[in-house]
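Q: Chain residues, written in single-letter form:
Protein chains: 2
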Amino acid sequence: MDLPKYKDIVQAHERIRPYIHKTPVLTSKSINEITGCELFFKCENFQKVGAFKFRGACNSVFRPRLKELSRGVATHSSGNHAAALALAAKMRGIPSYIVMPENAPEIKINAVLNYGGKITFCKPTNEAREKELEKIIEKTGALLVHPYNNFNVIAGQGTSAKELMEEISSLDTIIAPVGGGGLLSGTCLAGHGMDPEINIYGAEPKGAADAQLSLKTGKIEPSINPVTIADGLLTSLGSLTFQIIKTHISEILTVKESSIVDAMKMAWERMKIVIEPSAAVSLAAIIENKNVFRNSRTGIILSGGNISMENASGFIIKRPG
Amino acid sequence: MDLPKYKDIVQAHERIRPYIHKTPVLTSKSINEITGCELFFKCENFQKVGAFKFRGACNSVFRPRLKELSRGVATHSSGNHAAALALAAKMRGIPSYIVMPENAPEIKINAVLNYGGKITFCKPTNEAREKELEKIIEKTGALLVHPYNNFNVIAGQGTSAKELMEEISSLDTIIAPVGGGGLLSGTCLAGHGMDPEINIYGAEPKGAADAQLSLKTGKIEPSINPVTIADGLLTSLGSLTFQIIKTHISEILTVKESSIVDAMKMAWERMKIVIEPSAAVSLAAIIENKNVFRNSRTGIILSGGNISMENASGFIIKRPG
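Going down the list, the protein sequences come from chains A and B. Counting from 12, one number per residue, gives the positions in the first sequence under my numbering. Counting from 12, one number per residue, gives the positions in the second sequence under my numbering.
If you're looking for bench data, these hints aren't it; they were derived computationally from the structure. The model shown is predicted, which means the values in this text are computed figures rather than measured ones. Accuracy of the hints is not assured; some may be wrong.
Each computed DSBU-like pair below joins lysine-lysine, with the alpha-carbon atoms no more than 30 Å apart [what the hints assert, rightly or not]:
| hint | chain 1 | residue 1 | chain 2 | residue 2 |
| --- | --- | --- | --- | --- |
| 1 | A | 301 | B | 101 |
| 2 | B | 329 | A | 329 |
| 3 | B | 119 | B | 101 |
| 4 | B | 33 | B | 329 |
| 5 | A | 276 | B | 40 |
| 6 | B | 101 | A | 276 |
Model the full assembly from the supplied sequences, consistent with the hints where possible.
A: This is the structure we're talking about:
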C-alpha cells in the first residue's frame, strides 16, 4: 500500500499554497479557563468552501499533470468534498463530475453548480452512488478523487496541521475529528513529521464510533446506521486512512450529542465563530475529558463551518442527549 | 468644547495596545461579488468582551493618573460598555460601579460580576439610571465614564479604524454604525487624520434614525421610542460626538430591519462569524446602497458579536420587515 509521508505534505503545501487560505489560529482565554488547558483553534471554517476539504481537493487536481486530467475529475459526495472538488477543478480549468443523492440540501447543490460542477443525481443509497459514479467515469474518462481514501487528498488535508504547528510552537497535543479519516490521517503525518513526541487524538460521536471500534478490533469496522448531528462523520475509515491512524494515534475519544451542541454554542458565545457539528466534536472531546488535556498546549482543528443558522438553533433548542 | 484630535487617538493606541486585541481584518470574495465593492471587515466582535467598547473603556481607565482614579470608575449601561468598563477597571486594579436596569439580561449581569464590577440595580428608566448613578458617584467619589460622550472614550474607539487603515492601504470609504456616536466619531478622527480624502459614512436603523435627523436639523435630536433589533443603537448623539460627526461625515445611511437580518445571516453563512444586529447595520447599508459603494475599497467596522444563538435564530425566522 502506497501511503503518503510527511514529505508529501510538505510538497502538497508548496503546491496548493497559492489557492488556499492560510486560515487563522484563534485562542480564547475564557475557554482555556473552562477546559483547564491552552487551546489553539485552527479555523478551517474560514477555509474556501467553508471546510478543510478544499486542501485535499486542491492537491488532487493540481498534483497530476494536466494531460492526465484533461478529462476532468469525478467523485460522489453530498457534502463539503463535492463543493471543494468543483471549485478546485474550476481553478485548474478542468471539468468536474459530481454524483449527489437526489435529496441533497439545495444549498450544497447550488454551491457545486456555482463552481461549474456537473451534477448527476442518484437514489440516496451507497450502492446507487457508486454505480452512478462508475458509469460516469466510464463515459467521461474522468479521474476519480475519493473524498478521503486517496493519497493526494490525505496529503492535502495534512497541510492544516502543518500550518498550525508552524505558527504555534511546542504543542503537546493535537486533536481532529474522524469520519472517513482523511483529516485525521493527514494530521497524524504532519504532527509526527514535525514533532515525533506530539500526542495525536481523534474525536468522534458516540453514535458513530466506528473508528474507535476499528482500532480496538484491528480491522476496519463499517459505520452501521450512525446516529449523530455531526453529518460529516458518518462514514467509515478507508484502507489508507486506517493504516495511518492506527500507527500514530494515542486514542480516539467519543462524545455525547449534547456535548457537541454545547461546544458549538461555546464557540459561538465565547469566540463569535460559526462551526459545524463535526468541527465541534473535537472541542466536545476536550470538555468531556478534561483530565486528558489538563495544562497541555493543545491544537484543535476546527474542520468546517457549513451549517445554517436555522439548523444550528434547532440543535441548541432541542439539545439532543 | 474640548474635542479629541487624531493625535489623541495615536496616544490612546500606544496606551491601550498591551490590553486590547489587535482584531483581524477579514474579507469575503462572495460578499464582494454580491455588493460590487471590495470590503474589509474589521472584526471588533473578536475584541475583548466581544465589542469595540473595550477600547474606549480601556483608554478611560488607563489615561488618568492612578491617584485620580483611586476611588474607581462608574457608569450606567445595560450593555457592552458595562462589561468593558468592569474589565478595564479590573486590569487597572481599581473598583468599578455599574448602574444597570433591573431587567438587564442575566448574561450581561454575569459578565459584569465576573469582572468584579459592583452592580446597583435601578428601575429601567433613563431618569432612574441617572439619579442612581449620581448617588453612587457622590458616595464613592468614583470617576464618571460616560458610554460615548467622553473625550477618552471617543479617542479609544478611534483606534479600531486606525488599526484597520494601518493594515489595509488606500481605502476609499469607511463605514461604522451610529448610536450614541462614540465609535463613529472616533472613526471620523482616525479616518481623516490618516487620509483627509477618505469618505466616512454612518449607518443606523430606519427605526432609530435620530443621528440622520440631527445632521439635517443641525441640532441633537433625541431618540424617541426607537424600534429596532439593533439594541446597541438606541441612544441619541452627545454634544461631543455630534460636533465631530457633523464636521466629518459624508452621509448617514438608514436601513430596514429585514436588511439587518439579511446582513447578519450573510456574515454567518459566507464568513462563518457571529455579529450582533448593531454590527450588521453597516453591511446592511452597503447592501441597500450598492450604487454609493460600487467598485470602492471600503472598510467596515463590525462593532460587536454579543448575541445569543436563540435570539439570532429568532430574528432570522421572524425576519422583521
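Q: If a hint holds in the structure, say so; if it doesn't, say that too.
A: Right, here's what the structure says about each hint:
1. With a C-alpha separation of about 28 Å, the suggested pair residue 301/A and residue 101/B falls inside the 30 Å cut-off, and the hint holds.
2. Under the criterion of a C-alpha separation no larger than 30 Å, the hint pairing residue 329/B with residue 329/A is consistent with the structure, at around 19 Å.
3. This hinted pair checks out: residue 119/B and residue 101/B have alpha carbons roughly 17 Å apart, not beyond 30 Å.
4. Between the alpha carbons of residue 33/B and residue 329/B the distance comes to roughly 35 Å, so the proposed pair goes past 30 Å and is violated.
5. A hinted pair counts as satisfied when its Cα atoms are at most 30 Å apart, and residue 276/A with residue 40/B qualifies at roughly 27 Å.
6. The suggested pairing of residue 101/B with residue 276/A holds, with an alpha-carbon distance near 27 Å, which does not exceed 30 Å.
Of the numbered hints listed earlier, the single one contradicted by the structure is hint 4.
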